[in-house]
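Residue numbers (the numbering used here), protein chains in the order written: chain A, 1 to 404; chain B, 405 to 808.
Think of the hints as simulated: they come from the structure by calculation, not from any bench.
Fair warning: this is a prediction, and the values are worked out from it, not measured in the lab.
Certain hints may be false.
Straight-line C-alpha distance at most 25 Å; calculated BS3-like pairs for lysine-lysine [to be verified]:
#1 B/K427 <-> A/K275
#2 A/K45 <-> A/K181
#3 B/K449 <-> A/K261
#4 B/K427 <-> A/K261
Among chain A residues calculated to face chain B with C-beta under 7 Å, some are [as the list claims (entries may be wrong)]:
#5 T63
#6 G68
#7 F69
#8 R77
#9 E85
#10 A87
#11 G122
#12 V125
#13 T199
#14 G386
Even glycine gets a Cβ: it sits at the ideal position worked out from N, Cα and C.
Protein chains: 2
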Amino acid sequence: MREMRDVAVIGVGHTKFGLHTDKSLVDLFGEAALQAIHDAGVDRKKIEAIYIGQHGGGITDGTTNLGGFMAEELGLRGIPSLRFEGACASSTVAFREAYREIAGGWHDIMLVGGVERLLSAGTSVGTKSLASAVDGIYESNAGLTFPGVFALAARLYAAEYDIPLDELREKMAHVSVKNHKNGALNPLAQWYGKYGDLTIDKVVNSKMVASPLTLMDCCPMTDGATACVLAEGGIAEKLVDKPIYVLGAAEAGAGGIYRQKAEMIRPMTRIKSSKDAFEEAKLTPDDIDIVELHDCFTIAEIIASEAIGFFEFGEGADAVAEGKTKINGKLPINPSGGLIGKGHPVGATGTSQIYLVTKQLRGDMDPMPDELHVHGAEAGMTDTLGGDFSTLSNIILSVRRRGE
Amino acid sequence: MREMRDVAVIGVGHTKFGLHTDKSLVDLFGEAALQAIHDAGVDRKKIEAIYIGQHGGGITDGTTNLGGFMAEELGLRGIPSLRFEGACASSTVAFREAYREIAGGWHDIMLVGGVERLLSAGTSVGTKSLASAVDGIYESNAGLTFPGVFALAARLYAAEYDIPLDELREKMAHVSVKNHKNGALNPLAQWYGKYGDLTIDKVVNSKMVASPLTLMDCCPMTDGATACVLAEGGIAEKLVDKPIYVLGAAEAGAGGIYRQKAEMIRPMTRIKSSKDAFEEAKLTPDDIDIVELHDCFTIAEIIASEAIGFFEFGEGADAVAEGKTKINGKLPINPSGGLIGKGHPVGATGTSQIYLVTKQLRGDMDPMPDELHVHGAEAGMTDTLGGDFSTLSNIILSVRRRGE
Chain A
1 MREMRDVAVI
11 GVGHTKFGLH
21 TDKSLVDLFG
31 EAALQAIHDA
41 GVDRKKIEAI
51 YIGQHGGGIT
61 DGTTNLGGFM
71 AEELGLRGIP
81 SLRFEGACAS
91 STVAFREAYR
101 EIAGGWHDIM
111 LVGGVERLLS
121 AGTSVGTKSL
131 ASAVDGIYES
141 NAGLTFPGVF
151 ALAARLYAAE
161 YDIPLDELRE
171 KMAHVSVKNH
181 KNGALNPLAQ
191 WYGKYGDLTI
201 DKVVNSKMVA
211 SPLTLMDCCP
221 MTDGATACVL
231 AEGGIAEKLV
241 DKPIYVLGAA
251 EAGAGGIYRQ
261 KAEMIRPMTR
271 IKSSKDAFEE
281 AKLTPDDIDI
291 VELHDCFTIA
301 EIIASEAIGF
311 FEFGEGADAV
321 AEGKTKINGK
331 LPINPSGGLI
341 GKGHPVGATG
351 TSQIYLVTKQ
361 LRGDMDPMPD
371 ELHVHGAEAG
381 MTDTLGGDFS
391 TLSNIILSVR
401 RRGE
Chain B
405 MREMRDVAVI
415 GVGHTKFGLH
425 TDKSLVDLFG
435 EAALQAIHDA
445 GVDRKKIEAI
455 YIGQHGGGIT
465 DGTTNLGGFM
475 AEELGLRGIP
485 SLRFEGACAS
495 STVAFREAYR
505 EIAGGWHDIM
515 LVGGVERLLS
525 AGTSVGTKSL
535 ASAVDGIYES
545 NAGLTFPGVF
555 ALAARLYAAE
565 YDIPLDELRE
575 KMAHVSVKNH
585 KNGALNPLAQ
595 WYGKYGDLTI
605 DKVVNSKMVA
615 SPLTLMDCCP
625 MTDGATACVL
635 AEGGIAEKLV
645 DKPIYVLGAA
655 EAGAGGIYRQ
665 KAEMIRPMTR
675 IKSSKDAFEE
685 AKLTPDDIDI
695 VELHDCFTIA
705 EIIASEAIGF
715 FEFGEGADAV
725 AEGKTKINGK
735 LPINPSGGLI
745 GKGHPVGATG
755 TSQIYLVTKQ
765 LRGDMDPMPD
775 ELHVHGAEAG
785 MTDTLGGDFS
795 TLSNIILSVR
805 RRGE
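Bound conformation, chain A alone:
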């Protein structure tokens, strides 16, 4: 492969996650995008292309084909403006592609982001939208929605690693307690100011959703938008004091769980995608100081932390129970609150993670409090899962250029 150019994140934007009944997908995206452009301090007209991650607009809003409308909203009519859809990973898939365009030499400055309206769509339409991301014939038609997918995964995890289910439920509850504690401190989060005092007992005894997962094992449905500005390395250095370099960006696709079966607790897409990202970045899991990963359910965080290689298979549940993934732990996972504490506006989640890791590596957490800051973090990673392990995207960011 030929030599690629350096690429850096130079600006980030993030709406409040929660309920936005008064804003369309275009309105919400515009808000995050203008924040990112302002944060980068770049002339809006220098943006050469827009890459958007969006999942369920056709179902929730009767709206597809959003690229052109987003360009128009930002006063950038006529530039290439593309929509990417890979379910919950939509915007990191878009991010990877934008990074590759700049690295490959096609563009110098691009805007990437994502948006979703799920909470305002209501539970019925929201569930329909989410369920469209699993197999349309053998899974969703059979009644499988995501709580069911991850309930199966939790049971498989308990069986495979010989953990009594009640014991696993307690370990999973540690993910919820940790992420809600973080999310309660994050003013961008849907659960800001709430559930900061959650306990293991409260998680285990909350309403059962899909056994063994209770309501507090699940992330909420959310409206929101996020965005970032990417630039070629040399340009980035001229524009901002602290460019955050993209060292690796990978994606892998495969069938959903009816094809992956026993693999679902060791998802091959995540193993492949994270390995590819590390290889490209010339880093290993040990080099990562902070992670924002896809905790759509408590068990999902545990599975992800193992498949990426942060913990051995079967040891992720103990790691969280032992506090290793707290903000002051060995490897802080989801200091923002993750999807569970922060909310999960599907199309916006990937670039939300990019926003959060960028803020951490810059050391400028505003508007989040310093309590959420992982001091001294120099390399961070995002992990975004689309569907039942069928789309996986991993991005590695650093304060240093590749090889430095």
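Please build the complex by placing chain B on the supplied structure of chain A, with the hints as guidance.
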């Protein structure tokens, strides 16, 4: 911009367009993809990534997030597999991005394609799916669907160029007669063997859909899939006798008609996109020997032929009426039958055009008859429109490398 590598189409695949009640989106795409891989004579395992254009699966099939499922279907689990959505231009948007990945140096061999199920979805669901591509607040909510969009365009065309509406209706009818005549000869077309004897009178007097557009001014709703294999220039030359080089690939986005208003008969997205494609290809409209362009309605073909620069503004209607765009005319437009004669399975339409231009430039029309061949054609162009002029994509293909 740095020097880019050459990229060529080395294989193409195309299902029959029409009704496919018995096949899922994955089944249909798989059929076209395997054809393209076979046509390229490439080992399936050499395909490094899959880029798919798909529009309305969330609405028509309750299915999104198709990337991974497509990779699995082709026995290629774990490779990057992305879905792009830009309404009717979805698969040429995906094609442009794949071309850029190879040209930029990220990949050597990729599969691109598109798929849609509209006819089997039925008129109500199909119309809902299509209407989602216009503005979700100011247009579709106000009852605007695509026949309405292009009826407005036809009326604006008549007014702007001072053509009595009845006269314009006759001129538009020439597009329908020409494209149906071609489509009736194309075994891949939905209207194969039908409407070959259409007359101007029959078009003008068929059922009124949205005045002044009659049923025969409109393309049908269609199921189908198409695909192609792209490779880096040097690799392409080793694999096939006649690689068809991609000389230019452009995309432009802007708001829909409520933003473009009077521009709709001179759409800025198409003017920009085609200009960018010509610049990249270092060619002009005069260099193009054959065009497959977006005739979703008769007036749409006329507007497109002008905005790309093949005819002066206001002269496209005369050009078709004078026979200039027939297979033996000055510039053959839609020798395949176009969307009107061949059908319009939205996500598949862009790479259908790529398939058709590739076949023409290779001089190997099989399974289409030689009567549809534009003999001696060396450079061809595709034009795909998504929504009401909000997404535009143009690709230029040639038997020669850029600059040769």
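Hints, one by one, checked against the model:
no.: 1; hint: B/K427 <-> A/K275; verdict: violated (35 Å)
no.: 2; hint: A/K45 <-> A/K181; verdict: violated (40 Å)
no.: 3; hint: B/K449 <-> A/K261; verdict: holds (23 Å)
no.: 4; hint: B/K427 <-> A/K261; verdict: holds (24 Å)
no.: 5; hint: T63; verdict: holds (3 Å)
no.: 6; hint: G68; verdict: holds (3 Å)
no.: 7; hint: F69; verdict: holds (6 Å)
no.: 8; hint: R77; verdict: holds (4 Å)
no.: 9; hint: E85; verdict: holds (5 Å)
no.: 10; hint: A87; verdict: holds (4 Å)
no.: 11; hint: G122; verdict: violated (16 Å)
no.: 12; hint: V125; verdict: violated (11 Å)
no.: 13; hint: T199; verdict: violated (35 Å)
no.: 14; hint: G386; verdict: holds (5 Å)
Of the numbered hints given earlier, the model fails hints 1, 2, 11, 12, 13; all others are met.
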